[in-house]
Structures are given as structure tokens and as C-alpha cells.
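Taken in order, these protein sequences are the chains called A and B. So the first sequence is residues 3 to 324, counted in our numbering. So the second sequence is residues 3 to 324, counted in our numbering.
Think of the hints as simulated: they come from the structure by calculation, not from any bench. Source: prediction; values computed, not measured. Don't take each hint at face value.
Identical copies go unnamed one by one, so any copy, or any two together, can satisfy a pair.
[Said to hold, decoys possible] Below, a list of computed lysine to any residue pairs in the SDA-like style, where the Cα atoms sit at most 25 Å apart:
1) Lys252 x Leu131
2) Lys182 x Asp28
3) Lys158 x Asn40
4) Lys37 x Ala313
Okay, here's what each chain looks like letter by letter:
There are 2 protein chains.
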Amino acid sequence: MGHFVGTLENRVKLQNDYETFIIEADLHSLTTLSKTPNLVPEYTRQVVLDNISAGLDPSKVTFFIESTVPEIYELAAFFSMYVSHNRALRNPTIKDEITMKGLGDQFSLGFVNYPIYQAADILCVKGELVPVGVDQRAHLEQTREIARDLNSLAGKEIFPIPEALVGRVGRLPGTDGEAKMSKSLGNVIYLSDNVGAVTERVKKMFTDPTRLHPNDPGHVEGNPVFIYHRAFNKNQAEVDELEALYKQGKVGDVVVKEKLASALNEFLEPIRARRAQYEAKGKKYLDEVIFEGTKKARSLAGETLETVKEAIGMGYFNGMVR
Amino acid sequence: MGHFVGTLENRVKLQNDYETFIIEADLHSLTTLSKTPNLVPEYTRQVVLDNISAGLDPSKVTFFIESTVPEIYELAAFFSMYVSHNRALRNPTIKDEITMKGLGDQFSLGFVNYPIYQAADILCVKGELVPVGVDQRAHLEQTREIARDLNSLAGKEIFPIPEALVGRVGRLPGTDGEAKMSKSLGNVIYLSDNVGAVTERVKKMFTDPTRLHPNDPGHVEGNPVFIYHRAFNKNQAEVDELEALYKQGKVGDVVVKEKLASALNEFLEPIRARRAQYEAKGKKYLDEVIFEGTKKARSLAGETLETVKEAIGMGYFNGMVR
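Isolated chain A, as found in the complex (with noise of 0.2 Å):
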């Protein structure tokens, strides 16, 4: 629900106003399933699946899978001569993964050039508005600067500077009230949640630790419950009433839970009805979806690497070699 408040509810709206591409980038998955790279696939088919049910279109979006788009890698080879080794270092997301997923100074040199091909992802069709995390920022920053550098040495316009929009909730802290959700704590809320698994996990919710009584009164701000209300309940009168009273001592943590758990729940609806209507349609639905989706990308991609190597006078043979 994080990645939906984070990206997918903008990647929703903008589908019908901008030609919009989703990359799968899986390769980057093997930062944390090198050992196990026959899941990816699956995992990848998921997302998918994750974002049509969101709401974006599979007739209106173009999907594909970065690792099945080579020119991508190329891009990224021909990015990374003109990147710092330093510059890629200071990355702010990069560092915060680290932390995070507690590499320590055990991360592949791939991830490290992780921000590299995420600015292949982008410009190699030529991204001009990108919904991001604010996490992800610091990525789009690398690519708004590739895209300079490499227009300046061609010495034209040869890339958008892509902008970055950023979801209306900044980041929205784990059912713990953690910074950051993940899978490995458990403090997530999934869009394939079904209305039990919601509400399980709603009762579980951290609240306000500083409140021992029902009858004291609460804080909402840093309150996951309260943050969640916010973000996703659809009667924003009622989030201010509950507010209210929860600062008074008026309402427990209990009748606030079934509330939200109930406005989460109403939330969802319309995803998990799409996700049973795409699911209906099959595994090869999808891959069709994907594989299509993928052609074009690496048609477009293949142009883009040739539109780049023309510019600055490194186009042999270009489009004749394959």
C-alpha cells in the first residue's frame, strides 16, 4: 500500500494523459535473490499483476522487463564512463539500502551501478515525467544529470530531462510505525490482502505508545493508524472526528482500528476485484501482456541506443549488425 500512495495511484493517472511505460527491472532483485534467480520471474509476473490491478491499463500501458531488453545494458555501459565512481557512491538511496537491507560493505559491484541502469530504464524510451517515491528521488537526480551530460556531448537535445513526480503521501511508515516497510519485518499491508488478512494485521497496528489508558489523551501525529486513515479512507470527515476525539481520550485504539480496517477494506475493493478478473484471465494472459509490452520497449530502445551512438560519432554500423 506504500508503493500505491508512493507511485502506482500516479502511474494510474497519468496512463491516459502521457504514453506511459513500466519497466520490471529484475535484475536488480538479485541484490537480495542472487542465490535464487529462477524466482525472479515469478516475482516480476506479480508486480505485474500488482500494477494492473492497481488500476493501470494493460491496453493503455506498455510493460516490459528489463532483462530482456539488452540495449538498456548498453545505455547503462555507455552512462557509466561518463558517471564518477564517487558520484555513484554518494547516492543517498544507494546508502540508505545498504543500511537498510544490512549489506554492510557485501554489495555487488551491480548494485552500485543500480542507479546507472535505472537511468537506462528511463531514457531509453525517452521518460519525460516519472512518478517516484521520495526515496527514489536521488536516482532521478542521476538521470536528470546523465541526460545533461550526454545532450551536452552530442550537442543537441538527444534526451528529455525527465521530471520527477512525487506521491501525495511521502512515505508511509510500516504497520510498526517503522520508516520503512518491508517484507521481512512484516509490517506491511498488501494490495492482494483479502478483508481477514486486512483486518488481522490492522489489529495488530502499533498506535500511540505513549497512551496507556483508552481514556488518555492521544497523539495522531506519527500514529500509523492515524497516517493510514489519512492516506486511504475515503471519508476524510470521518479521519477528522476520529482525530478529535482520540486527542480528548474520547475513542480507543480498538474502535479506530475497525474503522480504519473497514476503510482499508472498502479501499481495496475495486483492486482485488481487477486482480480476479486479470487472474481469471490466466498466466498467459499476462505474459502476452508482457511480452508484447517488451517488443515495443526494445524496439524503442534499440532506436535510442542508436540515436546516442550517431550523436556522438560512435554509430558504426548502426541497425545493420543485427
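Add chain B to chain A, keeping to what the hints say.
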């Protein structure tokens, strides 16, 4: 000429017994040519011409250009998920090159990736035997590690573990006795130098710095003139004799150098003849050689990439997207 005794000579020998692939790793040129990428294609052609002049037969050997084979970079991206950032930085060749080129901490991320690209260069055609200069042996060690790790991940042999074949002269010093030859230091003799140029360069060579008069006893160890005599003079009996006389102070630098210039020019004669012969065929012929080789290599690299993905369970749409 250092390149000749380091690897070219072995390439020429091996071409009759092995299917031989010669890659031009042009993207790496951007380490020094990042501001003028448009110079890269002509340099690359000259390197191919050098190889052919040295005796590589374009009817036997496959020449190909790295940056026209995106599959190499995807292979490298894959590999980089399995190489730790620390391991990449520990590469002694990377460290040496940073010192030699005076890069300080101003080197690109692509520069750090280079040994990984090199692994992909070799493994994309399933290379078994790699003629290398001593200073490239560390890169090959990295390649061997990657091949072993990927085989272990796949649970079967998808790559051979390539062997290094180091040239007969470990590292030819520059004409000034410096360990490294470099164009910018001007201490290089080129395979393309004509008779006059070679004679001039030999005249300026450093000899035994401790020897003040022609009849002082001289040192031949570490003396560039004698190192070049040993490496290139076809009449090794003459070298034995000159060494003996030099140690006794019975032959002067001038004579030793005259004989070296003759020896080098004799050595270079067939190389010059082949260069003239292929230059006469024109740039179009050379481009055809490179084009055909690149097409062949790209097809092989594509198969290799698909083999890897299939073997580790990430083979979505293998061979179908293009």
C-alpha cells in the same frame, strides 16, 4: 611492439589451431577519450588493421566491436550482480591503471566495471584460451571466478574456465626504460613506424645510465636496447655476442643501436608489407571484415546470454523478443 610480444604474437600462432575471436573493446577507450568519442571508430579500425598487419588473417579470424553487441553488456550487468564491489576495486590492474593514467579519484564507474565487461567479452563467445599481457592476467582471474560462480549457480557447465596464455616477453619497457609504454610519454615504437622513424626512435633509446664512456663495462640487464634486441632480433647469436662485448666495454651504444634499428626494421618488414597490402584494399574492405565478424559475434553472444538466463531460470521469452 610491446603489444606484439605481449599478445599479438600468440594470437597469430593460435589462429590456426583455435577458432579465434578478436574483440575491440571500444567503450573502454572513453576512459581517456570521453570528451571526443567521435575519434573512437577510427582508432578502432586502426587497431584492427594493426592486428591484421601483425599476421592475423581476416579469413580465419572473427573481428568484432564490443559496442555493437549489446548482449555483452547485459551479460556484464548479470555478472556484476555476482561480483562484490570490494572485489572489483581490489583488481590490481585497475589499481595500476589509476596510478599510471594519473586518474586519482577521478575515474568513472565504467572504469571500475571494465574487468566485468572483459569477462563478458571473453565468455560471450565461450573463450577457452586468452592470449594476455602480464598486466591483464588479473582481469582474466576475475573472468575465471565469474565463470566458476555462474556454472555453480546454474548447476552445470555453461562456461569454460578460460586459461591465460601470457606472451614470451612479460612486459616490454618503453624506449626510455619506463615500465609502461604510453603514447603520451612518446616512448613507444609502433608497428606502423617506417624505417626512418624506427631508426630515430632507437637513436633516442635509453641504455645503461651508469656507463659514461663507450669502453666502460656496461650492463645489459634492464637496458632497454638489449631487452629489445632479445625480443626482436632474429639473429640471437648476434645478441649474445653484442652482450658479451658490451659487458667488457668493447662495443659502443651507437653500434648496438644501429644493429637494433636494423633488427627491428627487418622484423617489421613483413608487418609493413601486410599493412600496405590491406590499406590498398581500402577502408570499405576493413569495414566489411569488421561488419561480418560483428554479426557473427552478436549472434553467438545472443545465444550465450539466452543459455545463461535459461540455466538460472530467468529465460522469459528467450529468443522471441527480437
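Going down the list of hints, with the structure as the test:
With identical chains, the CA atoms of Lys252 and Leu131 are never at most 25 Å apart, being 45 Å at best within one copy and 79 Å at best between copies. For a Cα distance limit of 25 Å, the shortest separation of Lys182 from Asp28 inside one copy, 21 Å, qualifies, whereas the shortest one across copies, 42 Å, does not. Taking CA atoms no more than 25 Å apart as the test, Lys158 paired with Asn40 passes between copies only; the shortest distance there is 15 Å, against 42 Å inside one copy. Only between protomers do Lys37 and Ala313 lie at most 25 Å apart by alpha-carbon distance; the minimum there is 13 Å, versus 40 Å within a single protomer.
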